[in-house]
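Top to bottom, those sequences are chains A and B. According to the working numbering, the first sequence is numbered sequentially starting from 1. According to the working numbering, the second sequence is numbered sequentially starting from 114.
Keep in mind the hints are simulated off the structure, nothing from the lab. The structure presented is a predicted model; accordingly, all values stated were derived computationally and were not measured. Glycine included, C-beta positions come from ideal geometry on N, C-alpha and C. Honestly, I wouldn't trust all of these hints.
[Stated by the list, open to error] Label pairs and their calculated CB-CB ranges:
(1) S18(A) <-> R173(B): 44 to 50 Å
(2) M27(A) <-> E130(B): 32 to 38 Å
(3) T133(B) <-> V113(A): 40 to 46 Å
[Unchecked claim] In silico negatives: residues of chain B with every beta carbon more than 10 Å from chain A:
(4) I126
(5) R163
(6) H170
[To be verified] Output of the computed footprint for chain A on chain B, the stretches with three or more beta carbons under 8 Å from beta carbons of chain A:
(7) 180-188
(8) 211-221
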Amino acid sequence: NAGVTQTPKFQVLKTGQSMTLQCAQDMNHEYMSWYRQDPGMGLRLIHYSVGAGITDQGEVPNGYNVSRSTTEDFPLRLLSAAPSQTSVYFCASSPQGGGYGYTFGSGTRLTVV
Amino acid sequence: SQQGEEDPQALSIQEGENATMNCSYKTSINNLQWYRQNSGRGLVHLILIRSNEREKHSGRLRVTLDTSKKSSSLLITASRAADTASYFCATEGDSGYSTLTFGKGTMLLVSP
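Construct all of the structure, not just a fragment, from the sequences and the given hints.
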């Protein structure tokens, strides 16, 4: 049981490049979320999904796209990277909303130069 | 916007002492959760307390919740050096599709 797996662990992008951060969970969790963590800012919600085919925006969605074609996978796409997207990105999953703890991946550290 | 605000921002204690961290939030909640993050790692769920609960225990952890004051506290008893980490409170709202909203965290340093 691997939990939540994020790849890659580290990535350096040039401004304007695109990339996809991968997130997969093997716990059959319905809820999945993407957060970014910046120094002094805590974690901020980017996008979330309450099940396959359903996604919604969080607090800071601009510059990011998501899709949820399967229960297991929830990729985060940066269409045109900007230095402001330099951050540590965490994917998390939960059985459902309302009373369950979230399981987090180990994070992707992204630097945009 | 941030829902929870932890206090203090940083806490330094000796092994064996108790550590208390506080969290305040702004809107009504379904539950409040505490997470630990070791440096450079992902977050680990510690404990969840529902809005109709006032106190909860798990090992050396004790969490209280006061919904009238919109505040919670996390007490770690008999701290160990391995407890050194950042601690975050997170709230889950009580309407619609609930998501977790995090505070900025408390950095705890436990010295041997």
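Verification of the hints:
1. For S18(A) and R173(B), the hinted distance range of 44 to 50 Å is satisfied, since their beta carbons lie about 46 Å from each other.
2. With their beta carbons about 36 Å apart, M27(A) and E130(B) fall inside the hinted range of 32 to 38 Å.
3. The given range of 40 to 46 Å is respected by T133(B) and V113(A), whose C-beta atoms sit roughly 42 Å from each other.
4. Even its closest Cβ contact with chain A, about 22 Å, leaves I126(B) beyond 10 Å, as expected for a residue assigned away from the interface.
5. With a minimum CB-CB distance of about 6 Å to chain A, R163(B) fails to clear the 10 Å threshold, and the non-interface call is violated.
6. No beta-carbon of chain A comes within 10 Å of the beta-carbon of H170(B); the shortest separation is about 16 Å.
7. Closer than 8 Å: that is the beta-carbon criterion, and the stretch 180-188 of chain B has 0 residues meeting it against chain A, so the requirement of 3 is violated.
8. For the stretch 211-221 of chain B, the stated coverage by chain A holds: 8 residues have a C-beta nearer than 8 Å to a C-beta of that chain, and at least 3 were required.
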